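From first to last, the protein sequence lines stand for chains X and S. 1 is the number of the first residue of the first sequence in this note's numbering; add one for each residue after it. 1 is the number of the first residue of the second sequence in this note's numbering; add one for each residue after it.
Calculated directly from the structure, the hints in this document are not laboratory data. Please read these numbers as outputs of a predicted model, since none were measured by experiment. Note that CB positions come from ideal geometry on N, CA and C, so glycine has one too. Hints may be right or wrong, so weigh each one.
[What the hints assert, rightly or not] Covered stretches of chain S (in silico footprint by chain X; criterion: 3 or more residues with CB under 8 Å from a CB of chain X, positions within the stretch not fixed):
| # | segment |
| --- | --- |
| 1 | 21-34 |
| 2 | 53-64 |
| 3 | 80-86 |
| 4 | 89-97 |
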Amino acid sequence: MFEPAPRLLLGLLTGFLFGFFLQKGRVSDRRVIVGQFLLRDFTVMKVMMTAILVGGAGVYAMLAAGWVQLSVKPAQLAAIFLGALIFGPAMVFLGYCPGTAVAAAGEGKRDAWWGLLGMTLGAAVYAEFDAACSRTLRAWADLGQVTLPQLTGIPAYAWFAGLAVFAILFFRRVDSRSAA
Amino acid sequence: MASVQPLKRPFWSPYAVGAAIGVLSWFAFLTAGRPLGISSAFARLVAWIEGILAPAHVEATPYLAKMKPVFDWEFFVVIGVALGALAASRLGGVRSAERPSAGRIAEAVLGGFFLMIGARLANGCTSGNGISGSLQLALSGWVFFLTIFASGVATALLFRKEVR
């Protein structure tokens, strides 16, 4: 029923920091999330892109040092594409993603409590259809646990350098437009 | 207005927050051997509830039966997220007591329902796929990230979704 207590405490600490950061980053506010999808407020993209760049550079450095192993989800392209196509619009209407809904609920936002109820019902209904999805949707266009460096031969540091240049140019433009 | 104490400032720079989440993901890889994620905890919660109400059904449903142990590292990450956001909001003096209308409640329940169907079908959400998958340069993560962004923008613009 339970993993060992020290590991659970570690999870609790990791989650506490994650929730703390999400709230300080204003992404547990649904106006900020919907504002991103309306292309008016780029807070969500700034948080996510910086997390990807800082997190990715560190994780790949630790991988090279042999300290960690990657944990890559399989590229079941049909299932992921369809899932994401349902997820994106649902995130606009709920106004939160799962992590920010939990954060907003913790802060006491009542609409997020109802969101968590819907999310739990969604997980229950999905569980009934997983077996059928595994035989069909998941098996279609499944490229396995593949990363962009493996797929393209372009090394990880080049991906991060390219993404960093793109992010800096893009956000400078966004910030100068909103300051004007 | 800006307090000298960062913890008491209501909000931080999104770049600082992104960098902090990036460093937190190093911590997760180093100490737990796994990346940050949220949505699988909801499948575990369902496996636990149905395990009490209908244990035979759980055993007959491989997706639920494999959710053992129910209360794992990620489940406690989710509990921590709620507590951390509560602490951050109170320290920063941010409080929301808005009572949602019946329409907003229906929107939130339905939105949450489809959000989780999509997340479980895609094997993860904005955290597990969008941040953790993308930072590992996983093809799965980037396909998810770009698709939710494009479909979300299209939906928001199409419905002219406004939030006060």
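Hint numbers not upheld by this structure, sorted from lowest to highest: Those not satisfied: there are none.
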